[in-house]
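We have chain A already, so just place chain B on it with the hints.
Chains A and B, in that order, are what the protein sequence lines are. Using the numbering used here, you'd call the opening residue of the first sequence number 1 and step up by one each time. Using the numbering used here, you'd call the opening residue of the second sequence number 1001 and step up by one each time.
Simulated from the structure, these hints should not be mistaken for lab results. Please note that a few of the clues may not be correct.
[Stated by the list, open to error] Distance condition first, Cα-Cα at most 25 Å in a straight line; then the derived SDA-like pairs of lysine to any residue:
| id | chain 1 | residue 1 | chain 2 | residue 2 |
| --- | --- | --- | --- | --- |
| 1 | B | 1068 | A | 546 |
| 2 | A | 305 | B | 1094 |
| 3 | A | 305 | B | 1122 |
Residues per chain, in single letters:
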Amino acid sequence: MTNLVRLAVVLFRGSGTGITAGSGRRRKRSQLGNILLFLFLGIYMVGIMSASSAGLYSLLAANGLQDLMIGLYLSMGTVLVFLFGILYVISVFYFTGDIEKLLPLPLQADEIIGAKLAVTAAWEYLYLAVLVLPPLVVFGILSQAGAGYFLFLAGVFLLLPVVPLCLASMLVMLIMRFTPLARNKDRFNMVSGILAMLLALGFVFGTQSMARFDEMDLAQIISAGSASIAKLTTTVFPGTSFAVGALTAPDALQQLAQLGLLLLIASAAVLVTFRMARLLYFKGVVGVGASAARRRRLSSAELSKAGQGGSAFWTYWLKDVRILIRTPVFFMNNVLMNFLWPVFFVLPMLTSAGGSGGSGALIELARGALADPDGRGAALSLVICFVIACFISGTNGISESALSREGETFYIMKIIPMSWWRQIMAKVTAGLLFSLAGTLLPLVLAVAFLRPPAWLALGWLAVLPGGILMPNLGGFFFELFWPKLHWEHEQKAVKQNLNVLYGMALALLLAALLAGPAVALGLSAAGTALLVGLGSLVVAAAEIVILRRILPGRFAAIEP
Amino acid sequence: MIQMRKVSKSYGGAVKAVDSIDLDVRRGEIFGFLGPNGAGKTTSIKMITGILTPDSGDILVNGRDIRKEALAVKRSFGFVPDDPNIFPRLKAIEYLRFMGDIYQVPTDRRRERIQELTERFSLDEALTDRIQSYSHGMRQKLMIIGALLHDPELWILDEPMTGLDPKSAFVLKEMMRTQADSGKTVFFSTHVLDVAEKICDRVAVIDRGRILFCGSIGDMQRQFRQDGSLETMFLELVNHSETAGDPA
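Next comes chain A alone, as it looks inside the complex:
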């Protein structure tokens, strides 16, 4: 246990921001700016979550269903922890640079896993503090809950991520156990990541569909009281219903009992994870970073092909794309993530389309709404398409970590005879490629299921260029000011990099600024397409002008 705590402290110390740009006073000023930006972002996200949850509360309270809110947010929190946990756990447990330093030390597998689990949990708590805690505090305030509620809320907040994170760890350790058997380890690791993600999604949506209720059930549930609905939404993970109970049970004793049960389940999950770590971890992690070598001479045809000259820009772009795809941590967090959100958006649509009665009618209703050029449905669909493009481009973190991913080898960008502007454009183009692929996936599925008229499908396509370009260019600004170049493992460049969060916030802010007026003014489909499609291109053009202006000074200031 002592080793576990010592190791956790060392790992925590090593997971700082490590931001570098310039030196001395300039660096201090940069860090201060970063802290201010981080605070602003935190307040901004907490504000959004609080405001939206206050609206939801008043809507639910009108029907006496306010307790449903607790179940909704808690289950959303556990699902998020589980899915993000899969990505985190694969990266932190298996692909961080410290693995090779830890393995020769006299440490048990469960001590390493325990310390790494603590570091992973810290980041999950950060997400929960921003996304789940504010709505639950809002609930407490609006429902005039007493001090006891907030006390139990603190307990629930601390215990909530334990079970999903342990489940994610167990799933990953089970899959990664087979790494040593694979010849091409990098490819196996990537396939494992995808498999773990698919299994996780299948698990989440499978259990959700089991808990789904039709119109008849809903009527019964409403009559049975909101508490039973809350239970329905928390069938996803063991323990979530106890978390809900700890906040909604009628008296303090029952709340305490529920919290005790949650603690019991969380402790059991940790113990099982530790036990599994002893059985599986070393068998999977030893040699995980080894790369097979063939030691084969190039044939003359291969040499001819390899020796062919090409464009410096595309070679640079290809280098970035290859590194993104071949580095497991980048692949999981940037490339796979890019296609994960579309699955979130599309899967519910697929399941409801496959349903009968009410849900089938919903699709028909949507098709009708989209067919009318003057109707609100078509205009709204353009807004949704634009926001999805901004969201996916803003959350994949490719442009937002473009310099950080270079790490200590950033200096290569400074010594090669290629202008900084061309290098940055090549990097942004890599971000554009994946953003476009991630955005097209839900769009193609939406076209297949909703069968919009051709003019509307073209309209969806028309709002994409700006929706993808604007966030990718915007995300780059933060990298120019606070690139995270000093890291020991790739995880820090993409996941523990605040620039990714800033880029996401900027993308959402710009999307809201353009899409908001289109909705508020009730613009037609054509007006909406013009405002968001053209508006975002104008913003992107402005970003290019500013980037070009600040680039020489900022790039010179970055001293690796």
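Frame of chain A; chain B shown alone:
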């Protein structure tokens, strides 16, 4: 070929890593840059190559200022860093293709250079493997090949012998000599004084950011009035600098 005039650089505004140094590296010579750890060698090299910006002073490469004519200057040199861990996920041949495209090496010349250099450094049977699977020495060799692919006028090498096997170190020294004899220039930093003594036309000794000596080994022997080895004279220079720099 390289001129440094009153160049200074400090980190964090306090300690001067390089303190007002003047240096001239002439065309057609092998110039060794010597100094103990933390003396300012790598900082100087980083300023010459444009990785760091000097706080003050001027640096000219082939008469050009890198801050004003960046691309032209960068095309004129090939740089081998002290850490060869670059792009581990790329295959060696992909890295060489990247360097060839970035430096716009013509197709025919490129094939010839890849074949010639990889055979000389015994990497011709490992080009399809990922750099990740390479040993430190193999990575170092690949970096050297990448830097020399465009046949630059000036070689800038930071600790190039580190990790090289004896055969590759010999090949590199031989290539450096050939390069200098053909009128091109080699500027390299090293800890290995034997190497410097054997192949350098001139050397500079730097310690605590200041140039303590600049000239040929013969000049150094004349200055010290002895026939001692470079190692003896180097240690005397550095010890004297430390004594002079220490507060009494």
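Going through the hints against the structure:
| no. | hint | result |
| --- | --- | --- |
| 1 | B:1068 x A:546 | 21 Å, holds |
| 2 | A:305 x B:1094 | 11 Å, holds |
| 3 | A:305 x B:1122 | 21 Å, holds |
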